[in-house]
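A.B. asks: Given next are the chains, with one letter for each unit.
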Amino acid sequence: MADAGSLINWSLLALDPPGWGGVLLTGFANSIKIAIGGYALGLTLGTGGALGKLYGGPVLKDLLEVYTTVVRAVPELVLILILYYAGTDLLNRLSLALGYGSVDISGLAAGIFVIGVVQGAYSTEVLRGAIRAVPTGQIEAARAYGMSPGQILRRVTLPAMLPHAIPGLSNLWLIATKDTALLAVVGFSELTLVTRQAAGATKSYLLFFCAAGVLYLLLTLFSNMVIGVIERRYRRGLAGHAS
Amino acid sequence: MSDETVSATAITELPSREGFFKPHRIVLIVIALLVVFCAVWFMRWDWVPRYAGRLAYGVGVTLLMLVSTSVLGFLLALPIGLVQVTGPWPLRMLARGFCTTIRGTPLLLQLWLLYYGLGSLFPQFPEIRNSFLWPYLREAWPYGVAALTISFAAYEGEVMRGAFAGVPRGELEAARAFGMSRLTVFRRIWLPRAVHRALPTLNGEMVLQLKATPLVATITVIDVYAIISKVRQETYITYEPLLLLALIYLCLTAVLVVAFRWFENRIPTRGA
Numbered sequence: 001m002a003d004a005g006s007l008i009n010w011s012l013l014a015l016d017p018p019g020w021g022g023v024l025l026t027g028f029a030n031s032i033k034i035a036i037g038g039y040a041l042g043l044t045l046g047t048g049g050a051l052g053k054l055y056g057g058p059v060l061k062d063l064l065e066v067y068t069t070v071v072r073a074v075p076e077l078v079l080i081l082i083l084y085y086a087g088t089d090l091l092n093r094l095s096l097a098l099g100y101g102s103v104d105i106s107g108l109a110a111g112i113f114v115i116g117v118v119q120g121a122y123s124t125e126v127l128r129g130a131i132r133a134v135p136t137g138q139i140e141a142a143r144a145y146g147m148s149p150g151q152i153l154r155r156v157t158l159p160a161m162l163p164h165a166i167p168g169l170s171n172l173w174l175i176a177t178k179d180t181a182l183l184a185v186v187g188f189s190e191l192t193l194v195t196r197q198a199a200g201a202t203k204s205y206l207l208f209f210c211a212a213g214v215l216y217l218l219l220t221l222f223s224n225m226v227i228g229v230i231e232r233r234y235r236r237g238l239a240g241h242a243s
Numbered sequence: 244m245s246d247e248t249v250s251a252t253a254i255t256e257l258p259s260r261e262g263f264f265k266p267h268r269i270v271l272i273v274i275a276l277l278v279v280f281c282a283v284w285f286m287r288w289d290w291v292p293r294y295a296g297r298l299a300y301g302v303g304v305t306l307l308m309l310v311s312t313s314v315l316g317f318l319l320a321l322p323i324g325l326v327q328v329t330g331p332w333p334l335r336m337l338a339r340g341f342c343t344t345i346r347g348t349p350l351l352l353q354l355w356l357l358y359y360g361l362g363s364l365f366p367q368f369p370e371i372r373n374s375f376l377w378p379y380l381r382e383a384w385p386y387g388v389a390a391l392t393i394s395f396a397a398y399e400g401e402v403m404r405g406a407f408a409g410v411p412r413g414e415l416e417a418a419r420a421f422g423m424s425r426l427t428v429f430r431r432i433w434l435p436r437a438v439h440r441a442l443p444t445l446n447g448e449m450v451l452q453l454k455a456t457p458l459v460a461t462i463t464v465i466d467v468y469a470i471i472s473k474v475r476q477e478t479y480i481t482y483e484p485l486l487l488l489a490l491i492y493l494c495l496t497a498v499l500v501v502a503f504r505w506f507e508n509r510i511p512t513r514g515a
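Respectively, the protein sequence lines represent chains L and B. Quick note on this note's numbering: the first sequence kicks off at 1 and runs consecutively. Quick note on this note's numbering: the second sequence kicks off at 244 and runs consecutively.
No lab work stands behind these hints: they were computed from the structure. Among the clues, some could well be false.
Said to hold, decoys possible - Which residues of chain L face chain B? A few of them, derived with a C-beta cut under 7 Å, are:
| # | residue |
| --- | --- |
| 1 | F113 |
| 2 | T157 |
| 3 | A160 |
| 4 | S189 |
| 5 | Y234 |
As the list claims (entries may be wrong) - Cross-link-like lysine-lysine pairs, in silico, DSSO-like; alpha carbons within 30 Å at most:
| # | chain 1 | residue 1 | chain 2 | residue 2 |
| --- | --- | --- | --- | --- |
| 6 | L | K61 | L | K203 |
| 7 | B | K473 | L | K61 |
| 8 | B | K473 | L | K203 |
Claimed, not checked - In silico contact screen, one side only, chain B against chain L (beta carbon under 10 Å); selected entries:
| # | residue |
| --- | --- |
| 9 | V249 |
| 10 | S311 |
| 11 | S313 |
| 12 | L319 |
| 13 | P331 |
| 14 | L334 |
| 15 | P349 |
| 16 | L357 |
| 17 | Y468 |
| 18 | Q476 |
| 19 | E477 |
| 20 | T481 |
Quick reminder that beta carbons are idealized off the backbone N, C-alpha and C, glycines included.
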């Protein structure tokens with residue numbers, strides 16, 4: 001056995017073309033872009049979903065229940081395949097029917113859509129729980145002041161539920177960053193897929209997979225730091241939640 | 244992950260039966276039945292009988308993966324949780340580092356690291372190649388089992404840490420006052436109480452684990468997901484196999500949730 005220094009060929013991680021570092025970082029950037037986009041879309045869907053589940057009519061409530069149940073019961077990998085193929089196919093047929101010809105959907109947009117729909121169901125559940133944790137008296141008081149439903153939402157419900165929602169939402173962010181790896185299966189060149197390509201081309205599998213793992217871990221640790229700051233800020237003055 | 248997040252990402256309860264049939268629900272059910280009927284009538288399902296046997300085999304593999312990795316992962320989670328509460332600091336740091344690393348990286352990456360990374364490393368050592376383990380190490384499933392077990396252990400280890408730390412001190416002190424040795428206290432009081440506290444989270448973790456199993460298909464383990472992929476390659480049908488796959492996973496999840504409901508009703512809880 002040779003010693004570790006010569007066993008690991010660090011030059012493979014160089015940023016310039018003979019090395020694959022630049023490719024990995026581009027993939028990493030793609031992963032982060034999809035995570036941010038999907039998370040934002042998921043939050044939007046989740047806010048609407050949570051409000052619909054709590055204050056919507058019976059039909060809307062049932063449809064949302066079906067949405068969250070299916071997404072929470074079927075593996076993300078399967079959902080991603082279905083949404084990826086069905087989404088791009090439907091969009092293509094729609095544009096053909098409207099006479100625009102087939103459109104080329106960017107992998108980035110498709111990825112954001114797919115992760116967003118999955119995250120939407122999760123954040124619906126998190127936000128619904130958080131909104132229900134807001135004392136009813138506060139919302140009733142706002143109504144007694146004559147605020148409209150929109151004003152109540154903006155001034156009382158959303159700000160008051162935020163401290164309850166932050167732990168769940170921050171976990172969802174971490175899940176979103178890790179779920180981007182699943183897009184490797186549909187051939188989108190995010191970090192995990194480019195890592196596999198780099199590893200396959202150079203045959204140094206351990207080096208590249210470990211490097212990618214370090215990148216993901218750095219993202220998680222950095223996110224945890226930011227989450228800690230946000231959590232401390234929004235939990236100020238909240239009794240009984242010191243831990 | 245907090246308990247709340249697990250229930251937000253994995254379904255753990257079924258709709259209640261009372262008051263289920265409201266007028267609007269009946270209309271919705273009729274519409275749903277109509278959609279199902281259209282799907283059965285207009286889509287292509289002629290391939291199902293040909294692949295039925297293989298699909299059943301695939302479901303079996305998926306369930307085997309789920310149960311074996313959950314049991315192994317839970318057994319591994321016990322020491323991981325315990326040393327984080329009471330272990331010496333090197334072990335504690337090691338366990339915490341393990342949990343952070345596994346929970347901070349995607350499972351797919353861990354799986355590929357084990358399969359492609361270790362799988363390419365092992366043949367270089369003649370000692371491993373000559374050992375009795377080699378016939379197994381050349382197959383894909385040990386790597387799938389290892390990755391899923393490690394992942395389950397990391398998530399459940401975090402739960403067990405909270406469970407061990409949450410057992411009231413008074414109970415342990417009472418056991419000590421009875422003259423039990425540390426090992427007896429652990430065996431009779433601490434471990435059973437901690438496992439009991441962790442049980443409610445197991446349902447969600449198992450559903451999450453079921454949702455993670457199809458990843459092993461990417462390293463050529465033939466589970467139900469791999470069978471469906473094969474159907475799609477051989478018949479060039481895009482949607483129908485995927486819809487059937489989603490339906491299969493929905494049913495598996497429902498079975499899991501019902502089974503846990505049944506077990507939870509059998510385990511006595513007092514003031515929990």
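A.B. asks: Could you run down the list of hints and mark each one as holding or not?
C.D. replies: Structure-based check of each hint:
1. A least Cβ separation of about 17 Å between L/F113 and chain B goes past the 7 Å threshold, and the interface hint is therefore violated.
2. Among the interface hints, the one on L/T157 is violated; its C-beta lies about 18 Å from the nearest C-beta in chain B, farther than the 7 Å criterion.
3. The criterion of a C-beta within 7 Å of any C-beta in chain B is not met by L/A160, whose closest approach is roughly 17 Å, and the hint is violated.
4. With its C-beta approaching chain B no nearer than about 14 Å, L/S189 sits outside the 7 Å limit, and its interface hint is violated.
5. Look at L/Y234: its Cβ only gets to about 16 Å from chain B, farther than 7 Å, so that hint breaks.
6. Restraint check: the Cα-Cα separation between L/K61 and L/K203 comes to about 52 Å, which exceeds 30 Å; the hinted pair is violated.
7. Taking the CA atoms of B/K473 and L/K61, the gap is about 37 Å. The hint is violated against a cut of 30 Å.
8. Only pairs whose Cα atoms come within 30 Å are accepted, and B/K473 paired with L/K203 is accepted, the gap being roughly 27 Å.
9. With its C-beta approaching chain L no nearer than about 9 Å, B/V249 sits inside the 10 Å limit, and its interface hint holds.
10. The beta carbon of B/S311 is not positioned within 10 Å of any beta carbon in chain L (closest approach about 18 Å), and the interface hint is therefore violated.
11. With 10 Å as the threshold, the beta carbon of B/S313 stays out of range of chain L, its nearest partner Cβ sitting at about 15 Å, so the hint is violated.
12. For B/L319, the suggested interface contact is broken, since its CB lies about 20 Å from the closest CB of chain L, more than 10 Å.
13. A cut of 10 Å between beta carbons decides the hint on B/P331: the least distance to chain L is about 25 Å, and the hint is violated.
14. Restraint check, B/L334 versus chain L: the minimum CB separation of about 21 Å is more than 10 Å; hint violated.
15. For B/P349, the shortest C-beta to C-beta distance to chain L is roughly 4 Å, which falls under 10 Å, so the interface hint holds.
16. Because the closest C-beta pair between B/L357 and chain L is about 9 Å apart, less than 10 Å, the hint holds.
17. At its closest, the beta carbon of B/Y468 sits 7 Å from a beta carbon of chain L; the interface hint therefore holds under the 10 Å criterion.
18. Interface restraint check for B/Q476: the shortest CB-CB distance to chain L comes to about 13 Å, outside 10 Å, so the restraint is violated.
19. With its C-beta approaching chain L no nearer than about 17 Å, B/E477 sits outside the 10 Å limit, and its interface hint is violated.
20. Checking B/T481 against chain L: minimum C-beta separation of about 6 Å stays under 10 Å; hint holds.
This entry does not satisfy hints 1, 2, 3, 4, 5, 6, 7, 10, 11, 12, 13, 14, 18 and 19, going by the numbered hints stated previously.
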